[in-house]
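One line per chain: the protein sequences are A and B, in this order. Per numbering that gives the first Met the number 0, residue 0 is the first one in the first sequence, and the count goes up by one each step. Per numbering that gives the first Met the number 0, residue 0 is the first one in the second sequence, and the count goes up by one each step.
In case anyone wonders, no lab produced these hints; they're calculated from the structure. Among the hints, erroneous ones may be present.
What the hints assert, rightly or not - Interface residues of chain B toward chain A, partial, derived using beta-carbon atoms under 8 Å:
(1) Met7
(2) Trp19
(3) Thr25
(4) Arg26
(5) Asp32
(6) Thr35
(7) Arg39
To be verified - Derived, one-sided and incomplete: chain B residues facing chain A with beta-carbon distance under 10 Å:
(8) Ile3
(9) Tyr4
(10) Leu5
(11) Ala12
(12) Phe30
(13) Asp31
(14) His42
Claimed, not checked - Ranges of calculated distance between the beta carbons of each label pair, as one might list FRET restraints:
(15) Ala17/B - Arg179/A: 42 to 52 Å
(16) Gln29/B - Gln661/A: 47 to 57 Å
(17) Ala304/A - Leu5/B: 30 to 40 Å
(18) Arg23/B - Val145/A: 50 to 60 Å
Because the structure is a prediction, the values reported are computed rather than measured. Backbone N, C-alpha and C fix where the C-beta goes; we use that ideal spot for every residue, glycine too.
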Amino acid sequence: MSLAAATTASQGREHDCAHCGLPVPPGLVDADASEQFCCNGCRIVRATIESCGLGQYYGMRTDEAATPAKPTGRAYVELDDRAFLERHAPAVRTTVRAIELVLEGVHCSACVWLLEKLPRVLSGVVEARLDMRRSTLRVTWDERAVPLSKIARTLDSFGYRPHVGRDPEVRSIRQREDRRLLVHIGVAGAGAGNVMLLAFALYGGYFHGIEGEYARLFRWTSLVISLVVLLWPGSMFLRGAWAALRTRSAHLDLPISIGLVAGTIAGTINTVLDRGEIYFDSLTGLVFLLLVGRFVQRRLERRAADSVELLFSLTPAFARLRRGDEVCEVPVDSLTPDDLVEVRPGESFPADGVVGDGTSSVNLALLTGESRPQSVGEGDRVFAGAVNLAGVLLVRITASGRATRVGKLLSLVEECSRRRAPIVQLADRMAGWFTVIATGLFAATLVFWLFVEPGHAVDRAVSLLIVSCPCGLGLATPFAVSVALGRAARQKILIKGGDVLEKLARKSKTAPILFLDKTGTLTEDRLSVVDFREAPEGAPAHVRAWVAALEKQASHPIAQAFALEAAADAPATLHRAHATGVEGTVAAHALLVGSRDFIRSRTRTVTTPGWAEEASHQMSAQALTPVWIAVDGRLVAVAGVGGKIRSDARATIADLSRRGVQVAILSGDHPATVKAVGAALGLGEASCHGGLSPEDKVRAVEAAAKGGAPVFMVGDGVNDAAALSAATVGIAVHGGAEASLSAADIYLGRSGLGPVSEVFDGAERTLSVIRRCLAVSLAYNVLAAGLAITGVVNALQAAVLMPAASFTVLGMALWLRSFAKEAA
Amino acid sequence: MSVIYLLMPLAFALGGAAVWAFVRATRAGQFDDLETPAHRILHDDEPSPPDA
Chain A
0 MSLAAATTAS
10 QGREHDCAHC
20 GLPVPPGLVD
30 ADASEQFCCN
40 GCRIVRATIE
50 SCGLGQYYGM
60 RTDEAATPAK
70 PTGRAYVELD
80 DRAFLERHAP
90 AVRTTVRAIE
100 LVLEGVHCSA
110 CVWLLEKLPR
120 VLSGVVEARL
130 DMRRSTLRVT
140 WDERAVPLSK
150 IARTLDSFGY
160 RPHVGRDPEV
170 RSIRQREDRR
180 LLVHIGVAGA
190 GAGNVMLLAF
200 ALYGGYFHGI
210 EGEYARLFRW
220 TSLVISLVVL
230 LWPGSMFLRG
240 AWAALRTRSA
250 HLDLPISIGL
260 VAGTIAGTIN
270 TVLDRGEIYF
280 DSLTGLVFLL
290 LVGRFVQRRL
300 ERRAADSVEL
310 LFSLTPAFAR
320 LRRGDEVCEV
330 PVDSLTPDDL
340 VEVRPGESFP
350 ADGVVGDGTS
360 SVNLALLTGE
370 SRPQSVGEGD
380 RVFAGAVNLA
390 GVLLVRITAS
400 GRATRVGKLL
410 SLVEECSRRR
420 APIVQLADRM
430 AGWFTVIATG
440 LFAATLVFWL
450 FVEPGHAVDR
460 AVSLLIVSCP
470 CGLGLATPFA
480 VSVALGRAAR
490 QKILIKGGDV
500 LEKLARKSKT
510 APILFLDKTG
520 TLTEDRLSVV
530 DFREAPEGAP
540 AHVRAWVAAL
550 EKQASHPIAQ
560 AFALEAAADA
570 PATLHRAHAT
580 GVEGTVAAHA
590 LLVGSRDFIR
600 SRTRTVTTPG
610 WAEEASHQMS
620 AQALTPVWIA
630 VDGRLVAVAG
640 VGGKIRSDAR
650 ATIADLSRRG
660 VQVAILSGDH
670 PATVKAVGAA
680 LGLGEASCHG
690 GLSPEDKVRA
700 VEAAAKGGAP
710 VFMVGDGVND
720 AAALSAATVG
730 IAVHGGAEAS
740 LSAADIYLGR
750 SGLGPVSEVF
760 DGAERTLSVI
770 RRCLAVSLAY
780 NVLAAGLAIT
790 GVVNALQAAV
800 LMPAASFTVL
810 GMALWLRSFA
820 KEAA
Chain B
0 MSVIYLLMPL
10 AFALGGAAVW
20 AFVRATRAGQ
30 FDDLETPAHR
40 ILHDDEPSPP
50 DA
């Protein structure tokens, strides 16, 4: 393709990838083809889907994938392991098994169509059912006809990389819990509705008269239904209250249960004695509404946790074991020390080990926070979780599983999260006061009326307990929190629990402290060309495009940084790619791009120009990797490659400081580098801590927490995970490692730091919504209690007042603004 | 005897049947996924092969 043709094509219109819909980089536009692809992965996937006769998929889509497909071409043979199948894929019939596979890249209804056509593509697959919300495909297959590995390969070739869900037992326990709660809601709802109907008849009779026979019938029927509701779905509150009593802690279930139990006993006695009020309509309605509140909150918390689990794909679940001349894929768990494994470029190491053969560079950023790739050769140590960047390595394993460095870090994470004290939520703290005040008032009312009017004493005291039952309190928190979690999720901020919002927004005497990790958090995790210095005597005009054209053919991440930088359309021939540089011909010029030593070993120039050495030093001080570029044997430029500081980092830090949050950096990178980044962001040297090990980070977080201030940690790597779980609230940023995602309370699904401010904003607004709801519900309770003590309120008025309070609170929780409604 | 003694047991039998059906459906997992069926219904059936 000529240069001119490419220019016209890119001037014409932006091309979108025919598979994923992302814009096609100008260097990859093929002017002659009708379909453009952003990468080879998308091209292969589209061809595969069309060859299966499923090309309709592209016409049906309502929403594009928006992530390039990357078929891995893996064999997935570890899925055919007997022990694995027994554990994860229970047999449905003799040879038919079912398994749930978590898929990457599920995005719209066309995916449902495509994936559920699996039985047509592969004979032996009995059924495939997709759950879109959880991106989980349930596959039922006949193991005699088709192995699971083949199913996995097919899914992979369609661009949906399959993963095995974490633990089938945990999932089935959760599923049972969810179903039980839903059953409870159904029973409570049916019971409450029927009791309400009977109550209408009784209230009608209250005004217009009713025969004693029918009144007794309705009251007894209400009693029976209410007992079912209270003892079956309502037992949840009674158990919660009992647990709170035993541990002497405040919990909202306690005052709720006091109200429920008092009402039930009084109602039962009144039914039996055929006098006074029964309270069953209010009680059953209360149980129903409270259950609905809990269900809604649980659903949204679950959704956030499920979405985070989908991102678990960074540590490899398999390894390439070398036995003699053969290479086979085995599960990581089966590796033992002294095994030889092969690790290809772009893969992460499955275990700790020593390089036995090959040279490459590795990225340890996830483990240490050190952003610059390190070169390794025979005899060097490599660690599980680090990424192999350049060449194929043969590694002799020294430690696997929990004995690896990552494994030890993960046990540290668990230990930190166990030590973390749970907070007593606002509603629960209020509940403690509620219980004390309500029982105190109950006793006072009882004693007072016993002297004044003994016949009505018990009735009035009981109606006080019932109207002061904190139903608004019990409803406000779950609804306000679930509205906030739902809105945050739409902004791609996943929050794992409602208490997190309270921890974020709670006022403290000392200023809260926020620690930021540097690599991957403040800086982008993708490498790019940050600095470019040409020789004083000048460089050829197209040198950057030439380098891009050459580097496009290499796979090293530094090469990728150049390749993405400029339209690379000059004809280029790559002669050789080494771990430290590349050599090639572009537009009839000989090009050398690589490290200082690589260039020096390949050019005849013995002395290196002073400007280049100086530029290299300056770049190294800023944590950039200097890359030298020589054209036709003459050094023409030095480029600094590294992680760019995120564009919104400075604004976010300024915003947080304005809120009175102390911001500091905790990084594993060299202290000088950290200070340079800190200075660029307006942070003083005192708040930039570099050279920290993961344990040091935990110590820094814990030391800060000693002062009593809430400590927030924002990070991405495995090295931050322990600190994330030790902090009051841990926030994992977009693209973080699996360990940090599971340790953090909040996951930011958008890149950049901007969402951090949004999280703080949203938490504050949510808490103020909760406070306002509580104030209203308290006002209702005080009013109703006052009326009950004086005996002014009768059964009908109480019956109207209580739901009115609940619905006002509900309305407020639903309509007040917490997180912004739609994604900006 | 008033008709209410006939109607109330009848009403509760019907209501009880509905609750029983709901509990059964929930326990069978019919409410586990409320999102995908809404998409699935939109897909056309396969045209049946002419010789079948």
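A quick look at each hint next to the structure:
The restraint placing methionine 7/B at the interface with chain A holds, with a minimum CB-CB distance near 7 Å, inside the 8 Å limit. For tryptophan 19/B, the suggested interface contact is broken, since its CB lies about 10 Å from the closest CB of chain A, more than 8 Å. Taking 8 Å as the C-beta cut-off, the interface hint given for threonine 25/B holds, the closest approach to chain A being about 5 Å. A hinted interface residue such as arginine 26/B counts as satisfied when its beta carbon comes closer than 8 Å to some beta carbon of chain A; here the least separation is about 6 Å, so the hint holds.
About 5 Å separates the beta-carbon of aspartate 32/B from the nearest beta-carbon of chain A, less than 8 Å, and the hint is met. Using the Cβ-Cβ criterion of 8 Å, the hint placing threonine 35/B at the interface with chain A is satisfied: the shortest such distance is roughly 5 Å. Interface hint at arginine 39/B: satisfied, since its Cβ lies 6 Å from the closest Cβ of chain A, which is below the 8 Å cut-off. Look at isoleucine 3/B: its Cβ gets to within about 7 Å of chain A, closer than 10 Å, so that hint holds up.
A least Cβ separation of about 8 Å between tyrosine 4/B and chain A falls short of the 10 Å threshold, and the interface hint therefore holds. The closest approach between the C-beta of leucine 5/B and any C-beta of chain A is roughly 13 Å, which is over the 10 Å cut-off, so the hint fails. With a least beta-carbon distance of about 12 Å to chain A, the hint placing alanine 12/B at the interface is violated under the 10 Å criterion. With a cut of 10 Å, the hint placing phenylalanine 30/B at the interface with chain A holds, because the nearest CB-to-CB distance is about 6 Å.
Using the Cβ-Cβ criterion of 10 Å, the hint placing aspartate 31/B at the interface with chain A is satisfied: the shortest such distance is roughly 7 Å. At a threshold of 10 Å, the smallest CB-CB gap from histidine 42/B to chain A is about 5 Å, leaving the interface hint in force. The given range of 42 to 52 Å is broken by alanine 17/B and arginine 179/A, whose C-beta atoms sit roughly 19 Å from each other. Range check, glutamine 29/B to glutamine 661/A: Cβ separation about 51 Å, and the 47 to 57 Å hint holds.
In this structure the supplied range 30 to 40 Å is violated for alanine 304/A paired with leucine 5/B, their Cβ-Cβ distance being about 51 Å. At roughly 34 Å, the beta carbons of arginine 23/B and valine 145/A sit outside the given window of 50 to 60 Å.
Against the hints set out earlier in the document, violations occur for numbers 2, 10, 11, 15, 17, 18.
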